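Undergrad: Below, each chain spelled out in residue letters.
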Amino acid sequence: AQSVTQLGSHVSVSEGALVLLRCNYSSSVPPYLFWYVQYPNQGLQLLLKYTSAATLVKGINGFEAEFKKSETSFHLTKPSAHMSDAAEYFCAVKESGGSYIPTFGRGTSLIVHP
Amino acid sequence: NAGVTQTPKFQVLKTGQSMTLQCAQDMNHEYMSWYRQDPGMGLRLIHYSVGAGITDQGEVPNGYNVSRSTTEDFPLRLLSAAPSQTSVYFCASRNQDRGPGELFFGEGSRLTVL
Numbered sequence: 084a085q086s087v088t089q090l091g092s093h094v095s096v097s098e099g100a101l102v103l104l105r106c107n108y109s110s111s112v113p114p115y116l117f118w119y120v121q122y123p124n125q126g127l128q129l130l131l132k133y134t135s136a137a138t139l140v141k142g143i144n145g146f147e148a149e150f151k152k153s154e155t156s157f158h159l160t161k162p163s164a165h166m167s168d169a170a171e172y173f174c175a176v177k178e179s180g181g182s183y184i185p186t187f188g189r190g191t192s193l194i195v196h197p
Numbered sequence: 024n025a026g027v028t029q030t031p032k033f034q035v036l037k038t039g040q041s042m043t044l045q046c047a048q049d050m051n052h053e054y055m056s057w058y059r060q061d062p063g064m065g066l067r068l069i070h071y072s073v074g075a076g077i078t079d080q081g082e083v084p085n086g087y088n089v090s091r092s093t094t095e096d097f098p099l100r101l102l103s104a105a106p107s108q109t110s111v112y113f114c115a116s117r118n119q120d121r122g123p124g125e126l127f128f129g130e131g132s133r134l135t136v137l
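First to last, the sequence lines map onto chains A and B. Going left to right, the first sequence walks through residues 84 to 197 as the working numbering numbers them. Going left to right, the second sequence walks through residues 24 to 137 as the working numbering numbers them.
Just chain B, with the same shape it has in the complex (with noise of 0.2 Å):
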């Protein structure tokens, strides 16, 4: 059972650099979301998508793009990364539906922009 994956695991940036977080997930969600987790702040929503073709903006949108061309992938792409972009970043996935599904994530991507 794969569920969520994440990659890379680890990643060190140079400021102004671009990269790109990819996630896949394998349970046929049609939602999937990307967090960002800060010391004291929690999970943060950066984007979310509720279907191929459809993209949202969470709580901290600013600085990541995103697309979702197959119900499978959805990848975080930083254009130009910053100090401030340090951090733990989640993808994570759920049935389409205003239910109780629970999230499932992954094991994490860590990001340090120096």
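Same shape as in the complex, but just chain A (with noise of 0.2 Å):
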């Protein structure tokens, strides 16, 4: 079974300051995972994924986020948040081999201030 606990369902931040929006996950086999973004309005695009090919991956916007085994966490990170970044945030897990079907976390709202 697989599921996703994302710490925190708002977070807020300066802009400038680091972003870090939690996701830890629970997988009986290696998992892979996924961030998600959602802007006002729109639907979700996908920010970045791990693969099992490097722990630190990279998505677009500066984003990163850490494949961290031995925690069970997939974190996202930016080191300068930017007024732009504000939307909504999804973790998500799907079993490697598995279930065609990925589980969502609940979601972090990111709000920037000036």
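Each hint should be verified, as a subset may be incorrect.
[As the list claims (entries may be wrong)] No more than 35 Å apart at the CA atoms, straight line, and that leaves these computed lysine-lysine pairs for DSBU-like:
| no. | chain 1 | residue 1 | chain 2 | residue 2 |
| --- | --- | --- | --- | --- |
| 1 | A | Lys132 | A | Lys152 |
| 2 | A | Lys151 | A | Lys161 |
| 3 | A | Lys161 | B | Lys37 |
| 4 | A | Lys132 | A | Lys161 |
| 5 | A | Lys151 | A | Lys132 |
| 6 | A | Lys141 | A | Lys152 |
| 7 | B | Lys37 | A | Lys141 |
| 8 | A | Lys141 | A | Lys161 |
| 9 | B | Lys32 | A | Lys132 |
Simulated from the structure, these hints should not be mistaken for laboratory data. Note that this is a predicted model, so its numbers are computed, not measured.
Using the hints, put the two standalone chains together into the complex.
TA: In structure tokens, the structure reads:
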């Protein structure tokens, strides 16, 4: 079985500050992990994904995430927040070789203050 | 690049009315799915399909019906709308494999049931 926990339904940062969005997963087999971003009134789009090729994954718009097997985590970071980063962020897990269906976390709303 | 197209974008229904949310994709994806998004609940899977003629239930299927007669189209039917079905609905598709392929989302259909 697979599951995802996103800590914090809302995260507030100042423009220029570090962004850290937390994601912990549970999977009975090696997972594929994803971060999606949803801008206001839009659908979700892929930010980055982990496929076991490298533990540090770089995505679009300066975001990156590190897969830590010992901590079952896949936290999303960005060194310096921009106003345009304000959005909803979803972490998702899919078991490699398993179900076709990913499991999504409940999402974290990133608020960026000027 | 059309990707995943959903219609209508907005709809207001009265309790008991029926309607169909349309979803079409032009990427030849075998896997298609419907999610609903509610505040604090994240994305919940309603129904999914792994190919034409094949559908299955997700986490919250009650009150919804689907069919898959072609690879491109996956309509979602509400047979007798209820206020609890007020939500934002997303259609998503991906390649039919057990690998790390990501989901491609439509822009959403916002439904209000009075």
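Undergrad: Any hints from earlier that this structure breaks? Give me their numbers in increasing order, please.
TA: 3, 7
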